[in-house]
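Visitor: Now for the letters of each chain:
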Amino acid sequence: MPAVTPLLVAQIVLTLFVFFMLLNSAAIMVYVERKVAALLQQRLGPYLVGPKGLLQPLADVVKLMFKEELRPKAADAFLFALAPIISATCAFAAFAVVPFGASTTFFGLLREPMKLQVADVNVAVLVIFAIASMSVYGIVLAGWSSNSKYSLLGGLRSSAQMISYELSYGMALASVLVIASSLSLTDIVNHQNGYWFHVIPKWFIFVQPVGFLIYFTAGVAETNRAPFDFPEAEQELVAGYHTEYSSMSFAMFFLAEYINMVTVSAVATDLFLGGWHGPFLPESLGWIWFLIKVGALLFFYVWMRWTLPRYRYDQLMTFGWKILLPVSVLNLLATAAGVLYFNA
Amino acid sequence: MTLFYLFGAVAVVASLLVIAQRNPIYSVLLLIASFGALSGLYVLLDAPFVAVTQIIVYAGAIMVLFLFVVMLLNAPHEETEHDEKIHPLRRPGPMRFGAALAAVLVVELVWALTRAGGSEPSAFPVAEFQTVRMIGKSLFTDYAFPFEVTSLLIIVAMVGAVVLARREAVKD
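If you're matching them up, the sequences are chains A and B in order.
Per numbering that gives the first Met the number 0, the first sequence starts with residue 0, numbered consecutively.
Per numbering that gives the first Met the number 0, the second sequence starts with residue 0, numbered consecutively.
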């Protein structure tokens with residue numbers, strides 16, 4: 000048994016806090032999504048429950064909890080129950096290796112500084128990639144086990160889509176890794192500290208604009224969000240892979256989708272937007288910058304959903320394989336050549 | 000050590016169940032579980048990179064394709080009811096071949112297990128494979144030739160897959 004030190008207690012508290020905040024981020028995103036959608040379409044959005052409709056997510060959760068849990072007769076009971084659990088678990092697990100602030104002593108509460116991160120793994124970027132590649136199973140199994148043609152089509156589409164865009168996603172990650180020459184997200188963030196000519200922050204988005212675009216595009220496709228939301232295209236597939244789900248198991252897919260959005264945005268912040276580095280604030284308050292950047296990316300997600308129409312499925316595949324992948328490979332080659340030229 | 004036995008037990012039991020039960024979807028999932036346990040063993044061996052690669056390549060990419068194919072074929076149960084009573088070696092063509100291969104595999108396993116034993120596991124240069132940098136270095140210097148040969152093999156397989164996929168499209 001390891002001794003119970005203040006650091007261990009702080010680590011456990013931090014882990015629970017991250018879990019709690021991820022749950023809340025999903026609730027906040029539901030509200031933001033509905034409110035922003037309404038504003039973009041000149042409607043009011045939720046406004047009845049609580050001040051400005053702020054308690055709407057809570058009402059939604061209560062509604063979902065009291066709904067009846069349905070299961071199609073011919074469904075595979077075990078996998079039908081397992082699929083949403085896989086989705087939600089992968090969504091939470093991926094955030095574990097994401098750092099969201101500089102080391103801190105919590106205003107002198109701890110004797111030694113602690114990293115604001117659940118687990119500091121030296122292959123963090125690859126761990127995120129691995130968990131992202133596992134999360135496809137939740138959707139595929141949901142589609143198959145429901146024994147419904149709409150679900151199955153949604154699941155098949157999703158697996159094809161995620162396999163196709165995973166490659167570009169990995170290439171975009173690799174081009175950042177080449178510049179930072181580290182696989183640890185903390186190292187990558189610290190590599191982006193400082194300014195060029197005292198004005199432009201040393202963020203990787205300015206070195207890797209193409210990489211950022213590829214990463215974010217592939218990230219949107221990986222999280223199955225509009226304009227790449229084929230697995231659940233309402234007009235064609237009723238609701239896609241979760242057509243047959245109801246109540247809390249449906250809520251788990253919903254939760255997973257929003258948490259995955261948060262994770263993609265948080266990783267994008269760490270990789271391209273300088274993480275918790277920013278002007279005006281001291282290093283110990285860097286998490287405020289982190290939250291601002293993640294919030295901006297999440298707003299962009301919602302904005303995009305209500306601005307762009309959905310692609311056609313063959314367009315999605317053509318775009319992924321014939322444009323995004325070649326561009327990302329060329330970007331990686333150019334980056335590696337640049338690093339060799341300037342560093343050697 | 001407890002963790003070693005835990006991961007080992009999961010890997011062995013899952014692998015056995017892959018062939019012991021009849022639903023191909025469950026077989027695929029159990030194989031994934033087995034890969035996950037193997038990856039846990041790699042972490043215990045201080046090789047996080049190998050562990051993560053195991054998940055990304057096998058569990059994340061290859062098994063998704065397996066699952067994809069099984070789902071597309073939509074064969075939830077093997078149709079072996081009447082074959083069940085016949086001796087494995089007397090069943091129709093491919094099955095007999097499979098049974099023979101299985102027998103060869105068992106003989107090989109027994110041979111390998113009896114020869115293994117006494118050797119010291121620590122004789123392996125562990126430190127060389129801990130960090131990604133070290134793996135990359137040894138891969139592109141000491142093991143450059145096997146690396147290139149492997150990439151050639153993969154390209155051949157890829158070209159083969161494309162050719163096979165194309166031929167079917169022409170037939171339509």
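By construction, these hints were calculated from the structure, which means they are not laboratory data.
Each residue gets a CB set at the ideal place from its N, CA and C atoms; glycine is no exception.
Wrong hints could be hidden among the right ones.
Claimed, not checked - Which chain B residues stay away from chain A? Per the calculated CB distances, all over 10 Å, these:
| id | residue |
| --- | --- |
| 1 | TYR4 |
| 2 | LEU5 |
| 3 | LEU15 |
| 4 | ILE18 |
| 5 | PRO47 |
| 6 | ILE55 |
| 7 | ALA58 |
| 8 | LEU64 |
| 9 | PHE67 |
| 10 | ARG95 |
| 11 | PHE96 |
| 12 | LEU112 |
| 13 | GLU147 |
| 14 | VAL148 |
Said to hold, decoys possible - To give an idea of the chain A side of the interface with chain B (calculated C-beta under 10 Å), a few residues:
| id | residue |
| --- | --- |
| 15 | VAL135 |
| 16 | LEU140 |
| 17 | GLY154 |
Visitor: Min Cβ distance, GLY154 (chain A) to chain B: is it shorter than 10 Å?
Guide: Holds: closest Cβ of chain B sits about 7 Å from GLY154 (chain A), inside 10 Å.
Visitor: Would the least Cβ to Cβ distance between ILE18 (chain B) and chain A come out above 10 Å?
Guide: Label holds. Min Cβ-Cβ 19 Å, cutoff 10 Å.
Visitor: LEU15 (chain B) clear of chain A by more than 10 Å, beta carbon to beta carbon?
Guide: holds, 19 Å
Visitor: In terms of Cβ atoms, is chain A entirely out of 10 Å range of ILE55 (chain B)?
Guide: violated, 5 Å
Visitor: Are all beta-carbon distances from PHE96 (chain B) to chain A longer than 10 Å?
Guide: holds, 30 Å
Visitor: Quick check for students: does the CB of TYR4 (chain B) sit more than 10 Å from each CB in chain A?
Guide: Holds: least Cβ distance 19 Å, greater than 10 Å.
Visitor: Is LEU64 (chain B) truly not at the interface, in the sense that its beta carbon sits beyond 10 Å from all beta carbons of chain A?
Guide: violated, 8 Å
Visitor: Verify that the Cβ of ARG95 (chain B) lies farther than 10 Å from every Cβ atom of chain A, and report whether the claim holds or is violated.
Guide: holds, 32 Å
Visitor: Compute the least Cβ-Cβ separation between PRO47 (chain B) and chain A, then decide whether it is above 10 Å.
Guide: violated, 5 Å
Visitor: Could you check that no beta carbon of chain A comes within 10 Å of the beta carbon of LEU5 (chain B)?
Guide: Fine: 18 Å to the nearest Cβ keeps LEU5 (chain B) off the interface.
Visitor: Against chain A, does ALA58 (chain B) keep a CB gap of more than 10 Å to every residue?
Guide: violated, 6 Å
Visitor: Quick one: work out the minimum CB distance from GLU147 (chain B) to chain A and report holds if it exceeds 10 Å, violated otherwise.
Guide: holds, 18 Å
Violated hints, listed in ascending order, are 5, 6, 7, 8, 9; each of the other numbered hints is respected by the structure.
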